[in-house]
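Participant: I would like the entire structure built from these sequences, with the hints used as guidance.
Chain order of the listed sequences is A and B. Each residue of the first sequence is one higher than the one before, counting from 141 in this note's numbering. Each residue of the second sequence is one higher than the one before, counting from 591 in this note's numbering.
Every clue listed holds true.
Think about it this way: if two alpha-carbon atoms lie no more than 16 Å apart in a straight line, the pair counts; the simulated EDC-like pairs of lysine to aspartate or glutamate are:
#1 K1086/B - D181/A
#2 K1086/B - E185/A
#3 K189/A - E1090/B
#4 K1136/B - D193/A
#5 K1086/B - E190/A
#6 K790/B - E808/B
#7 K1136/B - E196/A
#8 K221/A - D976/B
#9 K154/A - D1135/B
#10 K186/A - E1090/B
#11 K1083/B - E190/A
Using C-beta positions, here's what the derived DEER-type ranges look like:
#12 K1083/B - I166/A: 21 to 31 Å
#13 K154/A - L610/B: 52 to 62 Å
#14 D238/A - P894/B: 25 to 35 Å
#15 A365/A - E961/B: 19 to 29 Å
If you want the ones that stay clear, here's a sample from chain A, every Cβ over 12 Å from chain B, calculated:
#16 L148
#17 K149
#18 W151
#19 F162
#20 D164
#21 G215
#22 I240
#23 R246
#24 E350
#25 Y360
#26 A361
#27 S372
#28 A377
#29 M384
If you are wondering where the hints come from, they were derived from the structure by calculation, not from laboratory data. Think of the CB as a built atom: it goes at the ideal place given N, C-alpha and C, for glycine as much as any other residue.
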Amino acid sequence: MSDMTINLKIWRQKNTNDSGHFEDYILAGVNEHMSFLEMLDVLNEKLIKEGNDPVEFDYDCREGICGSCNMVINGKAHGPKHKTAACQLHMRTYSDGDTIVIEPPRAGAFPVIKDLVVDRTALDRIIEAGGYISVKTGAAPEANLIPVEQDVSNQAFDYATCIGCGACVAACPNSSASLFTASKLSHLNRLPQGRPERSKRTIAMVEQMEKEGFGDCSNYAECEAVCPVGISISSIAEMRREYMKAIF
Amino acid sequence: MNLDPKIPSGPLESKWSTYLRDVKLVSPNNKRKYKIIVVGTGLAGASAAASLAELGYNVLTFCIQDSARRAHSIAAQGGINAAKNYQNDGDSVWRLFYDTIKGGDYRSREANVYRLAENSNHIIDQAVAQGVPFGREYGGLLDNRSFGGAQVSRTFYSRGQTGQQLLLGAYQAMMKEVHSGKIQDFPRQEMLDLVIIDGKARGIITRNLVTGEIQKWEADAVVLCTGGYGNVFYLSTNAKNSNATAAWRCHKRGAVFANPCFVQIHPTCIPVSGDYQSKLTLMSESLRNDGRVWVPRNKGDKRPPNEIPEDERYYYLEERYPSFGNLVPRDVASRSAKLVTDEGLGVGETGLAVYLDFRDAIKRDSREVIEAKYGNLFDMYQNITDENPYEIPMRIFPAVHYTMGGLWVDYDLMSNIPGLFVAGEANYSDHGANRLGASALMQGLSDGYFIIPYTIGDYFAREKLEKISTGHEAFSEAADSVSKLLDKLLVIKGDKTIIEFHRELGKIMWDKVGISRSKEGLESAIVEIRKLRDEFWQNVRVPGDKNYYNKYLEFAFRVADYFELAELMAIDALDRNESCGCHLRDEYQTAEGEAIRNDKDYAFVSAYEFLGVNGKLETKLHKESLNFEFVELKQRSYK
Chain A
141 MSDMTINLKI WRQKNTNDSG HFEDYILAGV NEHMSFLEML DVLNEKLIKE GNDPVEFDYD
201 CREGICGSCN MVINGKAHGP KHKTAACQLH MRTYSDGDTI VIEPPRAGAF PVIKDLVVDR
261 TALDRIIEAG GYISVKTGAA PEANLIPVEQ DVSNQAFDYA TCIGCGACVA ACPNSSASLF
321 TASKLSHLNR LPQGRPERSK RTIAMVEQME KEGFGDCSNY AECEAVCPVG ISISSIAEMR
381 REYMKAIF
Chain B
591 MNLDPKIPSG PLESKWSTYL RDVKLVSPNN KRKYKIIVVG TGLAGASAAA SLAELGYNVL
651 TFCIQDSARR AHSIAAQGGI NAAKNYQNDG DSVWRLFYDT IKGGDYRSRE ANVYRLAENS
711 NHIIDQAVAQ GVPFGREYGG LLDNRSFGGA QVSRTFYSRG QTGQQLLLGA YQAMMKEVHS
771 GKIQDFPRQE MLDLVIIDGK ARGIITRNLV TGEIQKWEAD AVVLCTGGYG NVFYLSTNAK
831 NSNATAAWRC HKRGAVFANP CFVQIHPTCI PVSGDYQSKL TLMSESLRND GRVWVPRNKG
891 DKRPPNEIPE DERYYYLEER YPSFGNLVPR DVASRSAKLV TDEGLGVGET GLAVYLDFRD
951 AIKRDSREVI EAKYGNLFDM YQNITDENPY EIPMRIFPAV HYTMGGLWVD YDLMSNIPGL
1011 FVAGEANYSD HGANRLGASA LMQGLSDGYF IIPYTIGDYF AREKLEKIST GHEAFSEAAD
1071 SVSKLLDKLL VIKGDKTIIE FHRELGKIMW DKVGISRSKE GLESAIVEIR KLRDEFWQNV
1131 RVPGDKNYYN KYLEFAFRVA DYFELAELMA IDALDRNESC GCHLRDEYQT AEGEAIRNDK
1191 DYAFVSAYEF LGVNGKLETK LHKESLNFEF VELKQRSYK
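Facilitator: This is how it looks when you write it as structure tokens:
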């Protein structure tokens, strides 16, 4: 395939207080094997050479595991491909002449820092509230002392695989962090090691989520649809059950 | 300079227990008087911060990412070694120690490596108690897989995301202490200098990456856990923001840098596809358990791989190394891939790739079994290359992955600057000239959970630390020098971008300081690096300003440091007139391409002292000799 020309419409915002706007760019010479973020690198090289400010966006591992990237592409968090983070998206998904709209994940709890970069420390504070098992270094018993059923361990992994990108929040009409919070609860609460603290953990994390200004869940399931690692919303049902049990 | 490794005396098996018996303690009500800075929140940093805070110290953590959970340890796929011997296949602490020291080609300290093997079992206990969902057998007990360089199955794993799960365990332990108030966590802060007062590390200078503000932080000790320097090569499996600046700044303040030329080139990565490429993606070494590596036997065989009959396939690892086969250590696998592609047998458009084929494993075990083991890795491969590895063999090629070199540390993991501790990939310690698979996670966590918390207390108990504040002139001197350097980068306004310079530097490094090195190549690399560095300072274009979020300014600062570190790597490679582990000098190999080590002249840790940069890097080489009391130095053989 020959190189493509792509029309880009990108959100530019100087800082948190700036109101922000979309800006249009035409980028020629886009190769189908480029990753989506490499396409933005190429755009930035061009902008820098022309004496303009490059587009700021968060990224690090570029292999879909660190959860840094979280841009919203044509209205969809992480773009069009199912179970694929923005950094794993390749330009072969697009055709010559396509227009691509890129904006930050929008949520009251995620203030914009610059362009596509947002502040997601609210998610850290939810983990801080109780997303752990309280074991001190050195206090652990022999690893095979407590067997864990293979199925249970596998299910725990399916929830623990959350990369903390915040796409679930961006996709949710309520800007809820329910999938993020529930995935951690479903991971830890189902393991024998995590049981002693399950009620306390559930209450603490759910209440912190509320305090951070995230909305509640109304079962739209948009979060599951955009989750780059395919976390199931059954975790949210588990979270509610656990929460109801815990407060009574 | 006296580089005393301070190894406890006595038999190997009791060195660490002797140390722990004699270690000086800080009483609980005194611990709360100490403040410790931990820079970097990967496995080493997060585990150290959590453990130190649990003990009662006041801890400040810093990371460049927007959350501590995103440090690059998260991307480690395959697993973590431990000597549990759950498989009853003859494993032991001794065997893990022996495999690691042999795998490192006898260029690491016996005492450190033995302690690492001893700690390995505690790490698994700790991780399981934290809720890390390791792979399990039907009976609910922990499962293991095999990894390169070992003949036992000792690798614990969480599908292909072991690093992620271990890091989240450590991060959660850290957040527990943020909750308790013992840790103050500062994301999006980059350490740009070390502050030394009265010869001791007493603080750091950071740039707040959101506001651009230069900030001063004082403490009683600094623990550097900032990872390796693989990104000197531009293309590597490291995350884009992984960098050497914090370590290099410590080096410029007097910390000696050890074995800079020991760089691991990982054999199984997805090959380069074009010049826009920004990074390389690793395919876990665990794939070599079931995948068979081959190239066509005949040069120029352009048939699709599945049409090449069995007798025209060259399974070069199985043929050359029958006892280890596809599970030879990483350095051997990478070098072999280079040898066959140099002979013109490489595959794919560029000819710089070999096949990793699962056809026989799928036939033997079924597609479902292979999918259960490696599903996410296969998906990752297909997503990047647009080819289905269940049907077409993967194309792989070596890529820069890990750096065994790093800041020199003694047995306490303290650098030659008192109060500056270095843990994880950032230090030189346990992997010698080559790291075995599944041992980086082990080392990071051993350092952070089980070593630093003891050794730092010993330091506090022995040293009298004066009360200081950030008002001290050493802080303003360091902060001013950082600001000046940022200004200097911003005013050049040249024609070439930072990435263009970095890519050019990376090419010099890959071609001449990469998988194989020669005297001639290294000498020309040094000249080219100096020339390009001069050009960088004349002609780089750094966009924007320093008083707000500016990722390209961050990169410019890091690339400026890579230009100096790159020269040191080449100098060290040139000095080491032998081949060992990942360091292959063309002049020192057998006719079959096997490394020839020179134990008589080179059984030492090279440790460089920074003297200055004046057109060229001025440096002084110190040597810590490696004394092998417990193992016999042998030519490594995996045949």
